[in-house]
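Chemist: Please model the complete structure; the sequences and the hints are all you need to start from.
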Amino acid sequence: MPTDDVTDAEVVDDDLAQLGEETAHEARQFLAVLRAVGAGESPDQAIPLLLLATSQILVTGARLGAITDVVPAEQFEADLGSDFDVEKLRDGLAALLTGLDEYVEVIDPLTTPELTSSTLSGELTEVASALVHGLRHYAEGRISEALWWWQFSYLSDWGSRAAGALRALQSIIGHIRLDADEEAVSEAEFDALHR
Numbered sequence: 001m002p003t004d005d006v007t008d009a010e011v012v013d014d015d016l017a018q019l020g021e022e023t024a025h026e027a028r029q030f031l032a033v034l035r036a037v038g039a040g041e042s043p044d045q046a047i048p049l050l051l052l053a054t055s056q057i058l059v060t061g062a063r064l065g066a067i068t069d070v071v072p073a074e075q076f077e078a079d080l081g082s083d084f085d086v087e088k089l090r091d092g093l094a095a096l097l098t099g100l101d102e103y104v105e106v107i108d109p110l111t112t113p114e115l116t117s118s119t120l121s122g123e124l125t126e127v128a129s130a131l132v133h134g135l136r137h138y139a140e141g142r143i144s145e146a147l148w149w150w151q152f153s154y155l156s157d158w159g160s161r162a163a164g165a166l167r168a169l170q171s172i173i174g175h176i177r178l179d180a181d182e183e184a185v186s187e188a189e190f191d192a193l194h195r
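Residue numbers (this note's numbering): 1 to 195.
A couple of the hints might just be wrong.
As the list claims (entries may be wrong) - Derived CB-CB ranges, DEER-like:
no. : residue 1 : residue 2 : range
1   : L155      : L52       : 18 to 28 Å
2   : E21       : S171      : 26 to 36 Å
3   : R177      : G141      : 12 to 22 Å
4   : R63       : V106      : 40 to 50 Å
5   : E41       : E87       : 13 to 23 Å
For the record, the hints were derived by calculation from the structure and aren't laboratory data.
Every residue gets a Cβ at the ideal spot worked out from N, C-alpha and C, and that includes glycine.
Modeler: Shown next, in the form of structure tokens:
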């Protein structure tokens, strides 16, 4: 697992260095939330936490998508060893999200109206896996490679996965808040005001 330290960092211009640092920070934050939620910490706050973390990582991805293509310093990808094992994380999220995990989304809103089914646990852990891959390059000091990977994988994969998951999470929050029984909501508001 990558650390916060960057060893023998390549020299890149200041803007890319700052973007790399900010992206690495946001990736770590997203992973920390996913791990905490997947471990069952604060189950009552799981959906709001996932909504916030997913929104934030999409802001980070949008910054990467909005800039000119990053060209890595090396023309080959260094071998990072075995990939990040997401199964334990996926299982923890799936168990926590039982009954809410599956959702339907449009495959590509520009090319086809076809629908596909997805799971929050699956999509969020795939986003995590892509972010970890970039963090491993970043921790080895390959800043341009990390940025290239994060940018490429955002545009080709994890951006759409995170966007679909965000839409599903927002829908869950909306149903929780808006579909609630009016009497139960009134009682909760009364209790909150008279504590």
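Chemist: Compare the structure with each hint and give your call.
Modeler: Here's how the hints hold up against the structure:
For the pair L155 and L52, the beta carbons lie near 23 Å from each other, so the given range of 18 to 28 Å is met. At roughly 34 Å, the beta carbons of E21 and S171 sit within the given window of 26 to 36 Å. One distance hint, 12 to 22 Å for the beta-carbon pair R177 and G141, is violated here, with the actual separation near 45 Å. Separation of R63 from V106 is about 25 Å and departs from the stated range, judged on CB atoms against 40 to 50 Å.
Separation of E41 from E87 is about 19 Å and conforms to the stated range, judged on CB atoms against 13 to 23 Å.
Of the numbered hints stated above, those contradicted by the structure are hints 3 and 4, listed in ascending order.
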